[in-house]
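Colleague: Chain residues, written in single-letter form:
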Amino acid sequence: MSAAWLLIPLYLVPLVSHNEVLLTILIFTYILGILAIGFNIVFGYAGQLTMFHGAAFGIGGYATFLILSKLGISFWLAMLPMFALVLILSMLVGWVCFKFRLREFYFAVVTLAFAELIRLVVLNWNDVTNGTLGLLVLDKPTIWWPGGGVIKIDGTVPWYLMTLTALGAVTVASQLIVRSWIGRNFAAIRLNEELAQTLGINTFRYKMLAFTISNLFAALAGALFGFYSNYIEPAQLSITQSLDAIAMVLLGGMGSILGPVVGAFLLTGLPHVIEFSAELRAATYGAILILVILLMPRGVVGLFSRWRHVS
Amino acid sequence: MTQVILGQVLNGIIVGTLYGIIALGVTLTFGITGIVNFALGQFMMIGAYAAWHLTDVAHLPYPISVALAVLIAGLAGFLSDRALFQFTRNNLVNGLLVSIGLISIIESGALLLFTATPKNMDFVLSGSWTLDTITISRMKVVTFAVLLAVIALTWLALANTWLGRATRAYAQNPEAAMLMGVKTEMLQVGVSVYSCALAGIGGALYAGIYSLEPSMGALFILKGVEAAILAGVGNLAGALVGGIILGITESIGALFLPTAFRDAYGLVFLVAILLFRPSGLFGGQK
Amino acid sequence: MFLEVDALSKRFGGLVAVAAISLQIEEGEIVGILGPNGSGKTTLLNLLAGLLTPSSGTILWQGRDISGTKPDLIAALGIVKTFQNPQLFAELSVLEHVMIAGHLALKRLLGFARSKTIFAPKSARQELEARAERVLRLCRLSEGAQRPAAALSYGEEKMLGVAMAMMCEPKLLLLDEPASGLGQAEITNLGAVLRDLREHGTTLCIIDHKVAFLAEFAHRLIALQNGNKIADGTAQEVLGNQSVISAYLGRQHVGA
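Protein chains in written order, with the numbering used here: chain A, 1 to 311; chain B, 312 to 597; chain C, 598 to 853.
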């Protein structure tokens, strides 16, 4: 459980610093870190380059909010049907892709096509999603706190603690998966799929599993994102969203559980350190992606560690 | 009603030819290097903005602008190949990701230089031809003819010249070609640059008809990839036909379904083809 | 009938790699397959292992038609193949290789509970580790099992392939040229491994060019040429067969 322990000291940050900017950066880091960790599982560990996680991220936000508003239930309860929806979509898209044995490039393109189709649906289904204008989210998640009853997660520090906890849960779950025989099979599929098959590993099933896990994590991140930033819009479903996650994972390093979070931190914090116009920001992301691939394929964390262990 | 449909079909053919030239670039690069340069759309945009700038700002004659635009696009392709793609030759995923990174850089560059305001080129070839009640602008016809010629010449060159044969040999069996003295690295660079030049001419001609925006690159590469896959990746003649099919479908679709659906046709084709006929309508490599 | 192959063919475009081959393998047999390069040996094994789909013909395994079944299911049914050119998981250690290969064994240990647990219960893991240790010792790979597999010599890589196949507890083990590229000491070791497998009742089907090696172990030999089966019988019968001799040595040597 070593990676998760690293997160514990972060609980102390709000005690030490009242810098709103820092805390906000960290909140977004944790949220996008969840998205990035999910992508790392399907790509870094299982070796499947997907472009679907952006769509899952957006669906997480839209579905949770719409279910919450239409049914009048709490944030957490609304997430359950949302997860079910993402699960079904993942299985559909995944089944389509893996059953027809789409490899690499074609798999990326088809997941991209599905993601774009979903975005177009959301963009144009004005009655439900309000189209390009997006949706204003004023509801807050609530939790039951001993001694205080049901309280709203509102304000920087409560959100900080909640997102950090969510990240912790995701980290623990990822570690369990990756260090188990499931994680071993992911690595086997990534490194030599044909050999894995001759050893009896049902690669279709494991690719589906990795794909689904990545989308579920992405959806969780999307829900948190939408409710924290109070705004849900079609851009959260876009290819750009997927690419941002990819950049974070590559920058941070694919060889570890928390590497992607480091990448998320660097890319989230960057615009605060250097003032960017919107155009320059996109160009910088692109440049970072290129530089990392050409010069630092193991990412930032990879610079500090040797080779990674499977289990 | 038939006139409207016919008119739309003609428009669809023109747009489809533009899709086709990008598809040709995609199919050429994929067939020979195994990598898809997702940034091809950006090179089309470079060609388009170059042609616009040279014609409207530098006041050069349009044909000269087109020629220069092609050179510029080709040069940009050469630079990106030397600086980036030569390091990702053997790794498809890395090549893909690098080309995606390149997209952001080039598109941002265009935004900074030209802003998001659409640019419209002053009429180069005004007037139109009329047949019965169907009118089509001269520029569109010229565009179609030129692109058709370029594609046909490419196809002929690959079939009949030594270089073309060497290229095809390499596509079939890289090791054997290498052993027979074909300079494979030069071939890879050459194909890379040529596809960027193709995109450039598509862009330069596009500038004469439609308005320019930095986001056009992303749009066209997606359509180009869709058209290439629809026809069958690796099938050169098919690339044009695939593009035209896509173009016509979109134009006709616009008559009956809301415009929001326009981009959906290509996506649906993509998924359907890869599932039911992965080698494409006309048979490609995979 | 353990394995029954009926008129099996495989075409690649115009090339016929395997032409209507029929053969049978009994349980516990050791069958050697020989033939010049390009005679279809590896293609035949790939067909049996599910890595290729037959163009026509059937493969019956323990009475069940497995033509066209996916490789992972075939492995689960008990047929495992090694590769002529060693296939490895780059980056991973020797031990990790055999642990991954223990997937089927783990499934069998856990039964249906497998899908419910991410953790394998300690007993199952220990059992798996014990088996891995035994297999590695047999294949002379236990020293430096933590090494990355990329650091192994060619012969060791081939033995790792055999070790991984053994972890799958195969009923029928298909070995594609296990001895090629091996030095004398390694061949002796391989022989010991094969003997151990034979003692445990594993049926073996071995492709190799080292005819003497095959003749020593095999109950039966099958000779292929240009995708056709040209001989099937004891070592003596097959090696004395004129077509086999001419196939290997060329037509001018017939009768020599």
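Don't read these hints as lab results, they were simulated from the structure.
Mixed in with the good hints, there may be bad ones.
To be verified - Subject to a maximum C-alpha distance of 27 Å in a straight line, what follows is the list of computed DSS-like cross-link-like pairs (lysine-lysine):
1) K99(A) / K152(A)
2) K667(C) / K704(C)
3) K99(A) / K719(C)
4) K140(A) / K152(A)
5) K99(A) / K807(C)
6) K768(C) / K704(C)
Stated by the list, open to error - Okay, the calculated bits of chain B under chain A, using three or more residues with CB under 8 Å as the criterion:
7) 329-335
8) 419-433
9) 461-475
10) 563-574
All C-beta atoms, glycine included, are put in the ideal place defined by N, C-alpha and C.
Colleague: Would you mind marking each hint as holding or not holding in the structure?
Modeller: Status of each hint after checking the structure:
1. K99(A) / K152(A): Judged against 27 Å, a Cα distance of about 44 Å means the pair is violated.
2. K667(C) / K704(C): Holds. K667(C) to K704(C) sits at ~18 Å (cutoff 27 Å).
3. K99(A) / K719(C): Answer violated: K99(A) to K719(C) is near 34 Å, above 27 Å.
4. K140(A) / K152(A): holds (6 Å)
5. K99(A) / K807(C): Roughly 41 Å between the alpha carbons, so the hint for K99(A) and K807(C) is violated.
6. K768(C) / K704(C): With a Cα-Cα distance of about 16 Å, the restraint between K768(C) and K704(C) holds, given a limit of 27 Å.
7. 329-335: violated (count 0)
8. 419-433: holds (count 4)
9. 461-475: violated (count 0)
10. 563-574: Contact hint for the stretch 563-574 of chain B vs chain A: holds, 4 residues under 8 Å.
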